[in-house]
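Could you put the whole structure together from the sequences, leaning on the hints where they help?
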Amino acid sequence: MLDFGALPPEIHSERMYSGPGSASMMAAAWAWNLLAAELDSAANDYDRIITQLVSEEWMGPASAQMAEAAKPYVAWMRTTSVQAEQAAVSARAAAGAYEAAFAATVPPPLIEANRAQLVQAVSTNVLGQNTPLIVQLETQYAEMWAQDATAMYGYAGQAAPVTQVTPFTRPAETTNPAGEAMQAASVAQAAGTSAGAESAQSQLLSSVPPTLQALSSPAAANTELPPITDVLEQNPVFDMWAEYASPAQNTLAMMYRVTGMSTHFLSLSKGLAPAAKAASEGPDLGQFSVHGCR
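Quick note: the sequence shown uses numbering that gives the first Met the number 0, first residue 0, plus one each step.
Source of the hints: derived by calculation from the structure; they are not laboratory data.
Glycine is no exception: its CB is placed at the ideal position from the N, C-alpha and C atoms.
Possibly wrong hints are sitting among the right ones.
FRET-style restraints, in silico, Cβ to Cβ [said to hold, decoys possible]:
#1 V186 <-> V53: 25 to 33 Å
#2 T162 <-> N43: 25 to 33 Å
#3 A41 <-> L1: 38 to 46 Å
#4 N175 <-> R14: 50 to 58 Å
#5 A184 <-> A30: 42 to 50 Å
#6 E142 <-> G18: 19 to 27 Å
#7 A159 <-> A63: 25 to 33 Å
Shown next, in the form of structure tokens:
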């Protein structure tokens, strides 16, 4: 700690009168007060909005989870608001201590005048006629020394505790730090799944028309064609749809039955074609009339 009694009054008085004064500390107190008011207002707004959401507009597990996540931040704002108010009080107290020390400090012109008179008295003290004046001036200077030292000791004692601001803490983390990366991965996965589904759907739609066209041709009636379900099951989109869409499964089963019936009727018509041809090329048996044969 600096020993103020070891320094002459010229130094202390010069420092006190040439410094920035208490204006900076009063400005700091005003700024701390403003910060405390803003934090307290923000905490009240948070409480009001959250209470309105969870009680009137948004209910359920997600609402409760949001409210629980916001509570630590609201508590931090209230705690920090109190700390900021305490810092403002400390700054005002430090400014008051400075003003008291400034008032107790000897003005520099008085010290300069004392030293100037002493120099003149000593220089003209040829026969000792100025000795009483010299003693008086030295006594005054000693009193100035003690006065400045006392003022500085008092200033240091008052300012030391009030200038110790409680360290501020950071707000608690209310979100998942890996949330953005997880969301990006989910979006990329969803985009990949969508692209795969579109490709599989395109393959399915391109494979169904040729199969149906082959089935509808009489020339290919005797050709053994694979069931349409084999075509569908070979396509990857079928597995995906079959797992999640039971109506799609029923539709595919109906298509399989209709295809089987079409194949059956085509085969039957092809089998009857030779008999019809033979009947048309047989011997002429004459014309039959309701009145008898001619």
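Do the hints match the structure? See the list:
no., hint, result
1, V186 <-> V53: 25 to 33 Å, "holds, 29 Å"
2, T162 <-> N43: 25 to 33 Å, "holds, 30 Å"
3, A41 <-> L1: 38 to 46 Å, "holds, 42 Å"
4, N175 <-> R14: 50 to 58 Å, "holds, 54 Å"
5, A184 <-> A30: 42 to 50 Å, "holds, 44 Å"
6, E142 <-> G18: 19 to 27 Å, "holds, 23 Å"
7, A159 <-> A63: 25 to 33 Å, "violated, 48 Å"
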